[in-house]
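With these hints in hand, go ahead and build the complete structure from the sequences.
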Amino acid sequence: DTEVTQTPKHLVMGMTNKKSLKCEQHMGHRAMYWYKQKAKKPPELMFVYSYEKLSINESVPSRFSPECPNSSLLNLHLHALQPEDSALYLCASSQGVLAGTYNEQFFGPGTRLTVL
Amino acid sequence: KQEVTQIPAALSVPEGENLVLNCSFTDSAIYNLQWFRQDPGKGLTSLLLIQSSQREQTSGRLNASLDKSSGRSTLYIAASQPGDSATYLCAVNRGSTLGRLYFGRGTQLTVWP
Numbered sequence: 001d002t003e004v005t006q007t008p009k010h011l012v013m014g015m016t017n018k019k020s021l022k023c024e025q026h027m028g029h030r031a032m033y034w035y036k037q038k039a040k041k042p043p044e045l046m047f048v049y050s051y052e053k054l055s056i057n058e059s060v061p062s063r064f065s066p067e068c069p070n071s072s073l074l075n076l077h078l079h080a081l082q083p084e085d086s087a088l089y090l091c092a093s094s095q096g097v098l099a100g101t102y103n104e105q106f107f108g109p110g111t112r113l114t115v116l
Numbered sequence: 117k118q119e120v121t122q123i124p125a126a127l128s129v130p131e132g133e134n135l136v137l138n139c140s141f142t143d144s145a146i147y148n149l150q151w152f153r154q155d156p157g158k159g160l161t162s163l164l165l166i167q168s169s170q171r172e173q174t175s176g177r178l179n180a181s182l183d184k185s186s187g188r189s190t191l192y193i194a195a196s197q198p199g200d201s202a203t204y205l206c207a208v209n210r211g212s213t214l215g216r217l218y219f220g221r222g223t224q225l226t227v228w229p
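Keeping their order, the protein sequence lines are chains A and B.
Using the numbering used here, the first residue of the first sequence is number 1, and each one after it goes up by one.
Using the numbering used here, the first residue of the second sequence is number 117, and each one after it goes up by one.
Any given hint could be a false lead.
[Unchecked claim] Taking beta-carbon pairs under 10 Å as the criterion, some of the chain A residues facing chain B (in silico):
hint: 1; residue: Y33
hint: 2; residue: K40
hint: 3; residue: P42
hint: 4; residue: P43
hint: 5; residue: L45
hint: 6; residue: V48
hint: 7; residue: E52
hint: 8; residue: I56
hint: 9; residue: L90
hint: 10; residue: C91
hint: 11; residue: A92
hint: 12; residue: S94
hint: 13; residue: G96
hint: 14; residue: F106
hint: 15; residue: F107
hint: 16; residue: R112
[Claimed, not checked] For the chain A half of the interface with chain B, some residues (derived, Cβ under 8 Å), not all of them:
hint: 17; residue: L73
hint: 18; residue: E104
hint: 19; residue: Q105
hint: 20; residue: G108
hint: 21; residue: P109
No wet-lab data here; the hints were simulated from the structure.
Here the structure is a predicted model, which is why all the values come from computation and not from measurement.
Quick reminder that beta carbons are idealized off the backbone N, C-alpha and C, glycines included.
Spelled out as structure tokens, the structure:
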């Protein structure tokens, strides 16, 4: 099973709302990622978790707050977003991240976020 | 910094043609290279991963090659079908940077019947 699931599929929120995106994998992977993708652009890395610890934060604004409660679950908490944050948010996972680890990344279907 | 370029940006062909999509990268010190397919508004589907020690990988009608020394990879699609229409992205992993993939901007492929 190489499936990464994401909920919700679509989310519309106002700039004062608080919402969360959820990502889950049951492949025993120990690395999980959040990406942001705007139309006609490649995915941009936001965060990397390795063994449930945050290992990369690509200078993402604090209105995005990641959380990794356990090795199978990754959340992205959203608060006070701006309209320019509207995008497709993708989650991915891999066996690991370290050099020497077979780290093919598997992506979920994404959450389409619209900020009004 | 690793830069990844994909040529062409868009390609439109009739069904049945054999295709070559190109990917080039500036830093040959890569750990692996991954080819993805993305349908409009959807997530990325991993097609093939080539480790830096490998020269090629095959899956069905797809064949990907890697020439690290020249910083190039090609994705060959045999006997294209309308269902192959999608954007194809290549991404390189340098290994030394925790899990970071460097993506190209993709080739948008349209195969018409």
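Could you work out which earlier hints the structure fails to respect and list their numbers in ascending sequence? 7, 17
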